[in-house]
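Enquirer: Which chain is which? The protein sequence lines are A, B and C, in order. So the mapping is simple: my numbering equals the position in the first sequence, first residue as 1, plus 6. So the mapping is simple: my numbering equals the position in the second sequence, first residue as 1, plus 6. So the mapping is simple: my numbering equals the position in the third sequence, first residue as 1, plus 6.
Hints are not guaranteed to be accurate.
To be verified - To be clear about the criterion: a stretch of chain C counts as covered by chain A if any three or more of its residues have a C-beta under 8 Å from a C-beta of chain A, and this derived list gives those stretches:
#	region
1	184-191
2	301-315
3	330-343
Worth flagging that the hints you see were computed from the coordinates, not collected in a lab. Ideal Cβ positions, reconstructed from N, Cα and C, are used throughout, including at glycine.
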Amino acid sequence: MGIRLAELVERFGGQLVGDPNLEVEGIAPLADAGPSHISFLSNSKLRALAAQSQACALILNPNDEAAVAATYEGARILTKNPYAYFARAAQLFESLTAVVPAPGVHPSAVVASSAKVDPSAHVGPHATIEDEAEIGPGAVIGAGCFVGRRAAIGEGTRLFPNVTFHAHCRIGKRGILHSGAVIGTDGFGFANEGGVYIKIPQTGRVLIGDDVDIGANTTIDRGALADTVLEDGVKLDNQIQIGHNCRIGAHTAMAGCVGVAGSAVIGKYCTFGGAAMILGHLTIADHVHISSGSLVSRSISEPGQYTGFYPLAKNAEWEKTAAIVRNLDTMRAKMRALEKQIKALTDKP
Amino acid sequence: MGIRLAELVERFGGQLVGDPNLEVEGIAPLADAGPSHISFLSNSKLRALAAQSQACALILNPNDEAAVAATYEGARILTKNPYAYFARAAQLFESLTAVVPAPGVHPSAVVASSAKVDPSAHVGPHATIEDEAEIGPGAVIGAGCFVGRRAAIGEGTRLFPNVTFHAHCRIGKRGILHSGAVIGTDGFGFANEGGVYIKIPQTGRVLIGDDVDIGANTTIDRGALADTVLEDGVKLDNQIQIGHNCRIGAHTAMAGCVGVAGSAVIGKYCTFGGAAMILGHLTIADHVHISSGSLVSRSISEPGQYTGFYPLAKNAEWEKTAAIVRNLDTMRAKMRALEKQIKALTDKP
Amino acid sequence: MGIRLAELVERFGGQLVGDPNLEVEGIAPLADAGPSHISFLSNSKLRALAAQSQACALILNPNDEAAVAATYEGARILTKNPYAYFARAAQLFESLTAVVPAPGVHPSAVVASSAKVDPSAHVGPHATIEDEAEIGPGAVIGAGCFVGRRAAIGEGTRLFPNVTFHAHCRIGKRGILHSGAVIGTDGFGFANEGGVYIKIPQTGRVLIGDDVDIGANTTIDRGALADTVLEDGVKLDNQIQIGHNCRIGAHTAMAGCVGVAGSAVIGKYCTFGGAAMILGHLTIADHVHISSGSLVSRSISEPGQYTGFYPLAKNAEWEKTAAIVRNLDTMRAKMRALEKQIKALTDKP
Numbered sequence: 007m008g009i010r011l012a013e014l015v016e017r018f019g020g021q022l023v024g025d026p027n028l029e030v031e032g033i034a035p036l037a038d039a040g041p042s043h044i045s046f047l048s049n050s051k052l053r054a055l056a057a058q059s060q061a062c063a064l065i066l067n068p069n070d071e072a073a074v075a076a077t078y079e080g081a082r083i084l085t086k087n088p089y090a091y092f093a094r095a096a097q098l099f100e101s102l103t104a105v106v107p108a109p110g111v112h113p114s115a116v117v118a119s120s121a122k123v124d125p126s127a128h129v130g131p132h133a134t135i136e137d138e139a140e141i142g143p144g145a146v147i148g149a150g151c152f153v154g155r156r157a158a159i160g161e162g163t164r165l166f167p168n169v170t171f172h173a174h175c176r177i178g179k180r181g182i183l184h185s186g187a188v189i190g191t192d193g194f195g196f197a198n199e200g201g202v203y204i205k206i207p208q209t210g211r212v213l214i215g216d217d218v219d220i221g222a223n224t225t226i227d228r229g230a231l232a233d234t235v236l237e238d239g240v241k242l243d244n245q246i247q248i249g250h251n252c253r254i255g256a257h258t259a260m261a262g263c264v265g266v267a268g269s270a271v272i273g274k275y276c277t278f279g280g281a282a283m284i285l286g287h288l289t290i291a292d293h294v295h296i297s298s299g300s301l302v303s304r305s306i307s308e309p310g311q312y313t314g315f316y317p318l319a320k321n322a323e324w325e326k327t328a329a330i331v332r333n334l335d336t337m338r339a340k341m342r343a344l345e346k347q348i349k350a351l352t353d354k355p
Numbered sequence: 007m008g009i010r011l012a013e014l015v016e017r018f019g020g021q022l023v024g025d026p027n028l029e030v031e032g033i034a035p036l037a038d039a040g041p042s043h044i045s046f047l048s049n050s051k052l053r054a055l056a057a058q059s060q061a062c063a064l065i066l067n068p069n070d071e072a073a074v075a076a077t078y079e080g081a082r083i084l085t086k087n088p089y090a091y092f093a094r095a096a097q098l099f100e101s102l103t104a105v106v107p108a109p110g111v112h113p114s115a116v117v118a119s120s121a122k123v124d125p126s127a128h129v130g131p132h133a134t135i136e137d138e139a140e141i142g143p144g145a146v147i148g149a150g151c152f153v154g155r156r157a158a159i160g161e162g163t164r165l166f167p168n169v170t171f172h173a174h175c176r177i178g179k180r181g182i183l184h185s186g187a188v189i190g191t192d193g194f195g196f197a198n199e200g201g202v203y204i205k206i207p208q209t210g211r212v213l214i215g216d217d218v219d220i221g222a223n224t225t226i227d228r229g230a231l232a233d234t235v236l237e238d239g240v241k242l243d244n245q246i247q248i249g250h251n252c253r254i255g256a257h258t259a260m261a262g263c264v265g266v267a268g269s270a271v272i273g274k275y276c277t278f279g280g281a282a283m284i285l286g287h288l289t290i291a292d293h294v295h296i297s298s299g300s301l302v303s304r305s306i307s308e309p310g311q312y313t314g315f316y317p318l319a320k321n322a323e324w325e326k327t328a329a330i331v332r333n334l335d336t337m338r339a340k341m342r343a344l345e346k347q348i349k350a351l352t353d354k355p
Numbered sequence: 007m008g009i010r011l012a013e014l015v016e017r018f019g020g021q022l023v024g025d026p027n028l029e030v031e032g033i034a035p036l037a038d039a040g041p042s043h044i045s046f047l048s049n050s051k052l053r054a055l056a057a058q059s060q061a062c063a064l065i066l067n068p069n070d071e072a073a074v075a076a077t078y079e080g081a082r083i084l085t086k087n088p089y090a091y092f093a094r095a096a097q098l099f100e101s102l103t104a105v106v107p108a109p110g111v112h113p114s115a116v117v118a119s120s121a122k123v124d125p126s127a128h129v130g131p132h133a134t135i136e137d138e139a140e141i142g143p144g145a146v147i148g149a150g151c152f153v154g155r156r157a158a159i160g161e162g163t164r165l166f167p168n169v170t171f172h173a174h175c176r177i178g179k180r181g182i183l184h185s186g187a188v189i190g191t192d193g194f195g196f197a198n199e200g201g202v203y204i205k206i207p208q209t210g211r212v213l214i215g216d217d218v219d220i221g222a223n224t225t226i227d228r229g230a231l232a233d234t235v236l237e238d239g240v241k242l243d244n245q246i247q248i249g250h251n252c253r254i255g256a257h258t259a260m261a262g263c264v265g266v267a268g269s270a271v272i273g274k275y276c277t278f279g280g281a282a283m284i285l286g287h288l289t290i291a292d293h294v295h296i297s298s299g300s301l302v303s304r305s306i307s308e309p310g311q312y313t314g315f316y317p318l319a320k321n322a323e324w325e326k327t328a329a330i331v332r333n334l335d336t337m338r339a340k341m342r343a344l345e346k347q348i349k350a351l352t353d354k355p
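Isolated chain A, as found in the complex (with noise of 0.2 Å):
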């Protein structure tokens, strides 16, 4: 169940140093790795503990070579960025292993009959699959999901258990939506009418380019009347909130918890920590980087990180300061009262 080192160098590149038929059985990380292992050095401060390492083999930069190989007698894989080499390597170790569902209707599945379900694609127990819905090759739609009519799924894209995705929403090849995902719900648009909403009707759809992760439990809202848009390479984690509207630039991530209001328009390569929160309307730039906690109610044209939470303390400090807070003009007004009485008494001959 190996696989030699060779293999590993002609799927994804790196300089050899050291016996190309070594085989190793799995991958892990420094402090774990056993001599059935390859490991990985991503950070160049941990050097001595490569060096000690039990792995028979090893992946890191050539800046790290010299010093490593100075005791470390295994062999190791040179390229300029190991944790991405590590990544597809643990992907590969996990192919030899992984559980693939079958290709095949589960017969409980109720499979309407103008759908087209790709002969290739897995469809599990309990699935609905509506009219003209389309499953693309080598796609797996888990126990328990709903795909509505007209959806579809692209090539190799993996929808595990209970995932819900509406009618007319598309999702691009090798894409991944977890557990609870909910696409194409309707948005939240109403016309108000001396205080009673009266709803607008949610006709967009939700377009999701190729390579997007959907976490378990993320919502994504239809458009209302334009669509909804995920670009190629979007990483989206658990229990996110997508407005309708929005639009999701290329290969932008977002942590856990994330919320974005409506017709928000974010750029390619952002990043947003767990729970920030970007406000409708709002455009924000390509790489602009959101910590976590942080509330987006402007739009940013300049790449960078932004901040914007309260600093915690112990509640009784907290006390302290949010009484301040409070009633900062009142300290600005005495600073100023201050500023004038300070000026007449400099000025005094």
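Assemble chains B and C onto chain A, guided by the hints.
Expert: Positioned in the frame of chain A, the structure of chains B and C alone reads:
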């Protein structure tokens, strides 16, 4: 498939200026509307755009009529609330093409023999309906939904796929429960004995009025002894949590990710921005508006807009201000010392 | 259907003052209790209410006995923790009328032949149980639940409808998983290469101890390599997110909407208010209490109550204080300038 202007006016009121037999095929915003559409002007600032609209008809306020009609040659429907008119007209247009689930119970659904399902209701694939539950006329129970024992779903109310609606809970007419919503789960109630929690049975219900919308993956706890209540017209977005024994007043709306702790009593006609949090056992008056990301830690008796979130800044600037906030009592002490010193200087003869 | 006071004392202890053969039919709060109820006094401030209670019996602390018994003529059970006693008694009364799911597998459930389902367990409609999963004695798997390959559900543990419990994860005895909970979804782990994310396989498990409650739509990620662990007696409310590789200490409780980022290690007997957020890779000591809406951005080694949220104010006032907060470093600079000026004035001969 078009609708005559006369029919719109007959259904929704308004004063028609133009040909009552003109047929429109859909409704679209000013910028998107073509010659087969009716559009609407809901904001006087957009008069110029309206005046040049391609739409064959416009819905607008009488106050805007003169300015628009100076150049716009299409038909007009004059009404005091064009946006509400738009919402109703959009509902009508949507109904022309909407796929309505047919009455009847899908063969894969499991319906207890003691449950009462109205013949005009729809019960989708893999739904489960327990003993003595009642499903009203025209109600729709989506695929994979669960309706517990003695629960009641009112006339015309729709549960989208994968909703869980627990025993004894009730919802009125024309409600919408979006996918993944969970109604009537146990509240978070425990007695503590030596650090260990002992569960307090949650035997109340969730009672929901008419015309209530509940978003995807929103959760509402059943009462501990009394009931959790949502009055008529309440609108909840996605990912909201409502604790046990809360009461939400009529026509109150909450945006995504809001949390309401147990036993909070919230008035009518309130609005809560995204991710607002309301602590337990508080009372919020009618017509209170809470900004996004704000934590409500005390009762509010006066209507108005309330806010409380740390302003966003570039991270380096936030680091500075946060450090000062942490030490605001030191700053206040210094200020007081300065005041004394200045007083001494000023008092000096 | 009543319970004799002697039986209560036999089961739950306490000193009985009054007729052991008196039967009570239910338990209710002081204000609601009628002559067929037993009630409880858990807060000495309510002695007057207790003294006038209509209940035929009271559970109270020996310290309150003299004051209450002066006027109250019903029976009393004296115990040090009346609220815990109430919880246990309420569980007993609820068990008299609760509808217990019958042992056996519903015909519509899909259970792998290699799964081991104890004959005393209940498996509801449309449930899916995969290969080699184990369902313990008396466990309840609700309608629409999914239990993955080699997962284990302990004795007496209940999954309410529509829970997703992924492969290889384990939960102990007497646990409760509320509807929509998702256990064992992939953690949010990626390597970044030139801005593009490469998924790191998540091969750890979620290991949950005994007597753990998990709220509706709460999500718990499986570990990346090691496991995510919830120790005995942990209580999680709804809409909570626990990242991969976290460890939550025994008897820690979290209110709704809390988020815990990956690899956080949280002590025993902690409490987290609603919507508290804990950053990743932090360590929180035992007996730490985090207030609602607070973001924990650093490790906490000392027990106590910690808080950090911006105080709520009328919007206009918040606008003022927020503007000052944004410029606190300017204010500090002015303060320092004043200090210098005053020092100069004071030092003047």
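Enquirer: Check each numbered hint against the structure and report the violated ones by number, ascending.
Expert: none
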